[in-house]
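My request is simple: use the sequences and hints to build the entire structure.
Letter by letter, the sequence shown follows residues 41 to 957 of this note's numbering.
Some hints here could point you the wrong way.
Listed below are the simulated SDA-like cross-link pairs for lysine to any residue, each with C-alpha atoms no more than 20 Å apart in a straight line [unchecked claim]:
#1 K676 - P734
#2 K676 - R660
#3 K545 - A580
#4 K676 - D634
#5 K952 - H936
#6 K545 - V606
#7 K706 - E495
#8 K706 - R435
Read the hints as simulated data drawn from the structure, not as lab findings.
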Amino acid sequence: MTFPAASQSAQPASVLPQPTVVRREDYREPDWLADGLVLHFALDAQDTVVTAACRYRRRPGAAADAPLRLDGEALETLGVAIDDQVLPQEAWVQDKGQLVLSNLPEHFTLHTQVRIHPSANLELSGLYATGSTLLTQCEAQGFRRITWFQDRPDVMTTYRVILQARRAQYPVLLSNGNLLAADAPAAAEARAALSVLPLPATDGDWHEAVWEDPFPKPCYLFALVAGNLAVNETRHRLASGREVLLQVWTEPEQIHRTDFALRSLEKAIAWDERRFGLELDLDRFMIVAAPDFNMGAMENKGLNIFNAKYVFADPFVATDTDFEWIESIIGHEYFHNWTGNRVTCRDWFQLTLKEGLTVFRDQEFTADQMAAGVDAQAAGSVRAVQRMGNVRVLRQVQFAEDAGPMRHPIRPDSYQAIDNFYTATVYEKGAEVIRMLQTLLGVDGFRRGMDLYFERHDGQAVTCEAFVAAMADANGRDLEQFLRWYATAGTPRLQVRSQYDAANKRLVLSLTQLLPDAEGHAMPAGERALHIPVDVALLARDSGQVQQHRLLELTASQQDFVFEGVESADARGPMLSLLRDFSAPVVVDHPYSDEDLAFLLRHDDNLFNRWEAGQQLAERALLQAIRQGDAQATLKALSGALAATLPDARLDDGLRQQFLMLPEEKRLAEQLEPLDPSLLRARRLAALRTLVQPLVPYLQDVVARQHWRANYSLAVPEVGQRALANTALQLLTLVGAEGAARQARAQFEGANNLTDRLGALQALVQCEPDDADWALARFEDIYRNETHVLDKWFAVQARMHGTHQPTLARVRQLMQHPGWNSQNPNKVRALLYTFFADNLAEFHRPDGEGYTLWRDEVLRLDRSNPQLAARMARTLDRHQRFVPVLARQMHAVLEHVAHEAQSPDVREVIAKELGAL
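Okay, structure coming up:
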């Protein structure tokens, strides 16, 4: 098909009126502070009436005539009163999403009443209906869709909430904090506070619950849930001896799949007590599973709401990776109870203050859980595997973001739609910045900094500077330069050169840091130089033995570090093991030869760096094959190194599997310009077949040893064995090894867990059409009624190569499948986002039909769920780097969407992709 050229656009994106830009430098303290909020909900899916009473006081130093500006969106205002006086409509002004009140006393109580429509709320922001349940999502700016309020994180107050609903329809009524008895004094006070505006009439079919959260919180942490839910609960004794109630709520038919989630919550609570001395502060802690949810989960105070896919788990419906994710995400949301809730963000620019820190905490939690109960060697292995996974995601997602039009520091300076900045940069790179602090200060020093942070700021909304200052002051360190990480966009490059003086046994290591300029070009850091921890070891070239090991602190644009007493029989000096355990989120530039990388893969004592050497060698070989059509020498070096490394008895199966996970198309694509996705796929596959062929006997032995009929266990050795065997099986079917399809069919039929059955499916879709079609049909038949497993089935097909059927046609067919729901975020991500983001060759078709589907779906979601639409729109982030025939078509479709899109979320993304911002 054809698209209108940019010159034919009636109104080019560059001249479209732009939404308001919010800038960090414009932050002003609120003029009015809240001293207690009482909310009453008369709940109904069609029409819910929300009555609020909030005590306000003018902030000391605020102007005497400062108006109170309250945020609201999609609210039908029924009444407004100050103290006991109901205001006529002319006494207040509604303007551009705000309710403005002027001529106010220094202290007063504001009463408001609004009507909202949960079942019509397809944005899944605010109060909305999912199935027969009502629930909320308020971060970042959803509370304004519930009632009039200062919807900003630095306005913190206590909450008392009265929920009323028809008992038959909504027997369970939940909100933040602690459930009050009906005759409790606090409940009576809450009812009395709501006496000014008349509450909706109810009858005997209605019931109520009264909740109190005694800890001040911003409104983005408010939550309620109403529905017909079942509970899995336990009493848990904290380290202090206090007993608390832990609950997981979900639809009754799924309650039997919540035991693992409940155990994960108990583990997270105990870990936070041990590692950081942080105890649960409420009498109960609740998790609710939601079928329709934009996020992974939400840390509402005491009432976490989760995407259901991160709650339900048993071997039939969850893979090993799912179990790991569930434990990690439950930990993440619980850890927010302190890092995000008790101490929160002053403004949304500080988002990484809570998210980067909490991602780091959940990574540490996961590593500790994986290492629990195994010996020291095994613990080191599983920690290395977890670190490899973190870095793989960082490089594939965040480094790509750093190289594109949405590049931003971990603390952005401006935004149009804050929802667009819940990004890998803020989260994953933010976690790496926190990890660097622990590397610089040590585990004990980091704990001292955390203790001081909470001592100073408990109950406050603060900035990133407050956190770094606590780290510095607790350890007597100057970290002023370290703060530059919070303001630096793009991925730094670290040039490493060495000079060895054999006569004086001296090695000089020269480090130079290059930082991206405004256009993303690497330039000498100069006065922008960052404080970078560089973990380095010198290895003997004959044995790999560590000669010296140091943590270097690079603080200048260029800096020399001298190692004395360095002996080496080789005139080149020792082998360098650089950036061990990925001590900083940078790209290392060092002239390793193929032989150097093969040596490190075999001999480096740092497990992460062994894997890293293999990844570098694989990238080098695959990129050379893609660019030149041939890379036999490098492929041979890598294949030989892997053949020598994989049988190493010191490695466990989880590590072996990581060594076999070769760079994916998306990772390679970031280093190719102009990018031809079809050429990338064809040459990568050809190179992989050349690389894997010599490993076939080893891979066949791995598959033969896999006991997929054995009792399922989440013990570390068994998880590693399954991971290795499934990767081996998929590599065997990739190269068409004899008997591989037969082995995959046998595993599919005999598997007693989803990990092995899904692994077999992924192997079989690479085989002949009969094998692929059989496996897909059998999988659908087995899991037809398991919605989250069906999402995996959608995703497998969205990633398929179009060898037997064009994948675009398959995707369009699946959009008519009974299990597909175009409004459910999980379904959209599983099928459409996976196709657009992960299947480069099939999406970027020369005929442009993939872009037609992208255009239609982005615009459809823009009208109903802008957050989801904006995330999907980002799959064309770097269209300019593709071959011209594709780049032109993408530019045209971006212009079309820019002209038609209505939401600030999508318009901001598209404008940046077109270079208009």
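Okay, the hints, checked on the actual structure:
1. K676 - P734: The given pair, whose Cα atoms are some 9 Å apart, holds under the 20 Å limit.
2. K676 - R660: OK: K676 and R660 at ~12 Å, within 20 Å.
3. K545 - A580: Roughly 13 Å separates the two Cα atoms, so the pair holds.
4. K676 - D634: With Cα atoms ~10 Å apart, K676 and D634 stay inside 20 Å; holds.
5. K952 - H936: holds (14 Å)
6. K545 - V606: holds (5 Å)
7. K706 - E495: Not OK: K706 and E495 at ~44 Å, beyond 20 Å, violated.
8. K706 - R435: Holds, at roughly 10 Å.
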